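Engineer: Let the sequences and hints guide you as you build the complete structure.
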Amino acid sequence: GIQVEQSPPDLILQEGANSTLRCNFSDSVNNLQWFHQNPWGQLINLFYIPSGTKQNGRLSATTVATERYSLLYISSSQTTDSGVYFCAVGAQKLVFGQGTRLTINP
Amino acid sequence: GAVVSQHPSRVICKSGTSVKIECRSLDFQATTMFWYRQFPKQSLMLMATSNEGSKATYEQGVEKDKFLINHASLTLSTLTVTSAHPEDSSFYICSAREAGGLSYEQYFGPGTRLTVT
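So the protein sequences, as listed, match chains R and Y.
The numbering of the first sequence is my numbering, which starts it at 1 and goes up by one.
The numbering of the second sequence is my numbering, which starts it at 1 and goes up by one.
Rather than coming from a laboratory, the hints here were simulated on the basis of the structure.
Watch out, some of these pointers could steer you wrong.
[Said to hold, decoys possible] Reference listing, derived: stretches of chain R covered by chain Y, where coverage requires no fewer than 3 residues with Cβ under 8 Å from a Cβ of chain Y: (1) 33-47; (2) 72-79; (3) 85-93.
Remember, predicted model here, so these are calculated numbers, not experimental data.
Backbone N, C-alpha and C fix where the C-beta goes; we use that ideal spot for every residue, glycine too.
Structural biologist: Written out as structure tokens, the structure reads:
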């Protein structure tokens, strides 16, 4: 089945810093989603981005489908950005990566 | 738009009893819903795919007789954990994909934390 790898596994930054999270996947996909899991476990949809580039405020994402990777950029980090970020890929079914745990210190 | 709810949000039950978890798409119709399981500090693992009006498709290693899934309408899927045991304690999350939609995007519920004592 499809393999999904996220890096780095952990990231600790100071408030105001920028960060880049990476998601590599092993096969072509029709669906790629980025999520932020909040402390209560809720998955917040950040982007649906099987290809191309999207931006939403301080967040943006780029997926290069031909090279099988996606990047999530967070600019001017805030403490509320802390949590686990997952990418998930697939078509009918989603396979989740292991996540990146982001900690933003004040 | 695209809101998915789950009920209950948290449940504690005794070993040997059964627990039903509901997943509802509130503002769209979903022919396909998915059930995931997440253990502490781990990722989400797909348990089964639920299609309205037909039998669910279970992932390898998931006991279909233990995790009963029913998708009786375009807005409701239920997961029943039968004869629950402490090792079934976990965070269960459902998702839904919009019927007739052009995209494969899934929308996730807030999850149900099950504790079996």
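Engineer: Taking each numbered hint in turn, which are not upheld by the structure, reported in ascending numerical order?
Structural biologist: When the structure is compared with the hints, only number 2 turns out to be violated.
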